[in-house]
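Number of protein chains: 2
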Amino acid sequence: MDIFESLDAIFQPKSIAVIGASNRAGKIGHSVITNLIDSKYEGPIYPINPKEEQILGLKAYASVSDVPGDIDAAVLIVPAKFALQVTKECGEKGVKGLIVIASGFSEMGKTDLEHEMVKLAHGYGMKVLGPNIVGVLSNSDKLNASFAPCLPLPGGAALVSQSGALLIAMDTSTYTRRVGFDKLISIGNMSDVDFGDCVSWLDADENTSAITLYIEGNRDGRKFMKAAQKATKPILALKSGISAHGAAAAASHTGSLAGAAKVYSAAFQQAGIVQATDLNNLFDRTLALTLQPPLRGDNLLIITNGGGVGVLATDAAERYGIPLTFAPKDVQAELKKHMPEFGSAKNPVDVTGMAGTDWYVESCGYAITHPWLDGLVVLYCETAVTDPMEIAKGVKQAIDQSGIKDKPVAISFVGGERSDAAIRWLVENGIPAYDAPDTAINAMAALREYAKIKENAAGATEYKTSGNREAALKIIEGARADGRDSLTEIEAKLVFAAYGMSVTKNILSTSEDDAVRLANEIGYPVVMKIVSPDILHKSDAGGVKVNVKDDAGVREAYQTILKNAKAYKADADVHGVVVQEMAPWGTEVILGSVNDPTFGPTMMFGLGGIFVEVLKDVTFRVTPVSPVQAKNMLTEINGAPILEGVRGEAPRDRKALADTIVKYSQMVYELADEISESDANPVLVYEDGKALKVADARIILKKK
Amino acid sequence: MDIFESLDAIFQPKSIAVIGASNRAGKIGHSVITNLIDSKYEGPIYPINPKEEQILGLKAYASVSDVPGDIDAAVLIVPAKFALQVTKECGEKGVKGLIVIASGFSEMGKTDLEHEMVKLAHGYGMKVLGPNIVGVLSNSDKLNASFAPCLPLPGGAALVSQSGALLIAMDTSTYTRRVGFDKLISIGNMSDVDFGDCVSWLDADENTSAITLYIEGNRDGRKFMKAAQKATKPILALKSGISAHGAAAAASHTGSLAGAAKVYSAAFQQAGIVQATDLNNLFDRTLALTLQPPLRGDNLLIITNGGGVGVLATDAAERYGIPLTFAPKDVQAELKKHMPEFGSAKNPVDVTGMAGTDWYVESCGYAITHPWLDGLVVLYCETAVTDPMEIAKGVKQAIDQSGIKDKPVAISFVGGERSDAAIRWLVENGIPAYDAPDTAINAMAALREYAKIKENAAGATEYKTSGNREAALKIIEGARADGRDSLTEIEAKLVFAAYGMSVTKNILSTSEDDAVRLANEIGYPVVMKIVSPDILHKSDAGGVKVNVKDDAGVREAYQTILKNAKAYKADADVHGVVVQEMAPWGTEVILGSVNDPTFGPTMMFGLGGIFVEVLKDVTFRVTPVSPVQAKNMLTEINGAPILEGVRGEAPRDRKALADTIVKYSQMVYELADEISESDANPVLVYEDGKALKVADARIILKKK
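For the record, the sequence lines run as chains Y and F.
Per our numbering, numbering of the first sequence is gapless, rising by one per residue and ending at 1221.
Per our numbering, numbering of the second sequence is gapless, rising by one per residue and ending at 1221.
The shape of chain Y in the complex, shown without the other chains:
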């Protein structure tokens, strides 16, 4: 049995056994049977309970082995201590998938039991959803295999939630918020079926039009990203716990800057996942993504009957990164015909409080067809003289009659009961409608982010190494053979060079004479630095001399550096003094990597100095980083204009910098088993065409 067949059984079972079914109200085993009956589940339901003849009118069986027919999925509600036995019985019976509502596993410290259950299930080809979950709900399958009270309001979204309580609360909330879901999936401890599996399965499910995720933590980040990248449906994620993840041990700058929020945001971006900021935002964006196509350009037109909501929407558009521009002259001229003298055909188009349904209909019908327009937002303030429902129906009809289906529309009606009824009608008829102008703009922003993120993610898997992994490994093995878990600067630069990065020339001297010879070989001026695996912060130890200009200077520097090193740490293992090309001044940039517990090797980019130290102005990616993503990284930091050239300076060589990011990312990706953290700090970036130099490098190895 392949994975998908087992997932089919879990999410769309043709028959279902409930192990631990009960006749006692208040028991979960009672709720699940009740819910299966109430949801009008059409397949056979087999209550399993050795002490009962019948449960809620259904024939009960002592064990799954007693069931006459095939069992597609089994819901486990037995105490954890019976889990293995029951799993075995299910396997023997030929059950295809397990929905383990039972708790008392890894969430209570019993991780081994959980692992054993999964292993046992896999032996029979069964996947395990849970344990410690609420269950599975599906409108299109008339399936409420859970102890959540009812099937959600029908709609196109599928929710996968890591919090059971939130899933139950959201279930009933779909009715009051009028946001429809086809499926609610409780994912619990994720012992086996994880977010990646759910995304893959839901993307292939014909009843799902958008996938909504509530994520607290994730196990296999890479698998999840791959599933999302492959998906053709919009995926929306709310990641909670922005401070829970904690920063990794701060052996490097990157380590101290990599928090869960930044790394998850990077992963979402690379995987083409739109983010929600909070619970309301999750519902609002789900509605838009299930009902409307992506917003493929920035030309958003707003039509309103009130200046106030128009200005609020304009502000929101700017906040969300879709600043309004005026429509072309011909559009303005045509729109002017459907408003009073004192109306405005600019953007927002203000048809004024005098506007009845006609003006809305004519403006919308015209605007949606114009090639300039990418998306339409309709705002309405309830007035005594207009009927919200009539306007809603008029706008819907105008859009339908235009035949346009690839441009999104979002609507806001501010008002009372009548407006609320119109909002409900619009949503039921496929147009996302909200009670505030900002929220309608937020809907458009979600559709715009989706379009952009998919465009960017397109190139995200592009990957062709340019590195010499063997050469790099040899250097690392050398250090390990020395019993070290960090590389010297010279070694680190050799690893960087093996991946095609431009590093400053850098040769180890072990005597004064040696140093003088090397300095002459490299060419004056030079930089000299202590080389010792025991001294990571060389400047602090007085182990660095810059701008050394001649032979005499080299000799003096050599002595001073060794003396300082001794004073700093008497028993330091000193390899010698490195003589290094003194790279000319350039814009200081920092690259770095850290191994994230969820996503593996991730990479950071930022400007050096105060930008990284004070402003923490950095951006992350999961490696490897594609050329497209590397280019995006350069524009994501607040200090981006520095690279474009400010205060009369020439633009920096961003092409070379993006290329180095790609190579760096390949290095940490391919050496994921070896490198724990790394920094290139500073990287000196020169003006366009003059490339860059990695002036200092640090690599911390994974402990083995």
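None of these hints come from the bench; they were simulated from the model.
Each hint can be trusted.
Below are the BS3-like pairs computed for lysine-lysine, each with C-alpha atoms no more than 27 Å apart in a straight line:
1) Y/Lys854 to F/Lys627
2) Y/Lys544 to F/Lys854
3) F/Lys853 to Y/Lys544
4) Y/Lys627 to F/Lys853
5) Y/Lys1133 to F/Lys1133
6) Y/Lys627 to F/Lys863
7) Y/Lys1148 to F/Lys1133
8) Y/Lys779 to F/Lys1133
9) F/Lys1148 to Y/Lys1133
10) F/Lys531 to F/Lys636
11) F/Lys544 to Y/Lys854
12) Y/Lys1066 to F/Lys1066
13) Y/Lys863 to F/Lys627
Bear in mind the structure is a predicted one, so any value in this text is a computation, not a measurement.
Once you have looked at the hints, place chain F on chain Y.
Quick look at chain F alone, frame taken from chain Y:
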């Protein structure tokens, strides 16, 4: 008649005349009479219409002069061309205040007519609300003197809205959102009664517990701020049009950075006004501010039955600047008693999904009384086994029984109809309750901001000049006598010095010999700069030489500077070359001022260089700036840690810097009629105790 008496008449009329009342449905004059009757207004209503005997059953009069009794307020719905005549009639009759719903005034370009009407009204002691408004609505006065459909849901808030359409839409929306208002006031063109008047009047109104403002633009910013500063009730403002204001002409850095959003935010902060970010936020925060006391400390405790919503609330608390801390050990120990083994007494306190009403009641009742706690947030996820209404009532009772009234409580229930009913019940019983955890935290954030902002605003009016205004004026007059509208650097520094600021020594030389003599007087090294009112950007003109070390250097620099200046602008009026003390290096800071059309002289502070040029990391205040506010400004920029000392540097002299901000603000405040824009850039700030020096100064005069 004093202003308040006329405002009393407008907002709480004892009798009312409607000039332009009509029997024809659809006419505003018909709606207003209908609404007055429907709202059960208890005073006499006098419809005025020369063509009718009766209007909607009320006796009509041809003119206000025909009305037998006194008229407190008159509502004007006549065409604009009759405005003056009607105003005169009202004045003669002894009407006390005018509510001018009529449009066709300044919004249509007829500003003179509007001014004339106000002037005429003032002659009779009448204030004018409007024109171009919806009207006035008041629940406590049973008054709907407007064409908005109904009185709003009763409550403690008063809304003053500059958008009529939004006011009407919000009116009905109060019922669906369950946020109550006592008054809705449409302020329209603000020809006379403005936001300042409304705030002052509402602060004294016993039926108002919080004041909510929707502001598009404002006229007299200072009056508004004073009214708000004096107010003892919470004020909440939504300012729309963040990009509409536009930056002033960019003759200075400050000018190009002063946008409406930043200046309004500064003014709100100084005036003790809490801000709303959007329309939903306005409703949510209004609810909290009307129902709960301020949150006087950061010790917020969250009690929840679901981990998911707990984490979301934790994230939100961090976003809103109230990061959670653990409760003291004794609190945790006590709370542990009211939850199962696997619950958590940390913060959020997770009483788990097993929690019934009891555990909620016991936890809330205990926590609210503990001295550690400043505010309480209760979260609930609807479950099948609990009754939301029972929990709502239990929590409310626990809080009531504690007798605690000075600590705020906010609640979030996520769920369906039953949770919605519980939310409504809580709100009706004085506890702000919402449908998402983030929103409950937002409510607490509003109450925290209110407490903090009031604390800060307390010192905001402190003002004692330290400047010599006469000396400064003399310098400015000298420049004006020259026909100039900008000061030279020397003049500008003299003005700065007159206000007690420390500037670099700076003397004009008009010959090489002169320059050498001055350089010796000041002491080497020196800086030399061109002095010409025609050359504002001295560096660009090659008009600056730094680190001039001896007499020969001075002579060479003198010649080069004059030559460069000639090449840059042949006909420049060159006053000579300034010889200046070369201040040692310090942290570069920029101070500046710009005259805002609404708030008058405002002041900016930021770090110099890329911080201001690339990152636009600056903060504003309306002048004069109090010592408390000056200190706050230093912490508001992202680069604030720079001043605290980073990378091993000593902390900068923030005391001297705050003191200079205060003095600078006094300068631009007292010379508001003279100075249009100014910059001190850079100001070099030294380490603690070593003060600072203004190294360059620029003052642009107002054109006269």
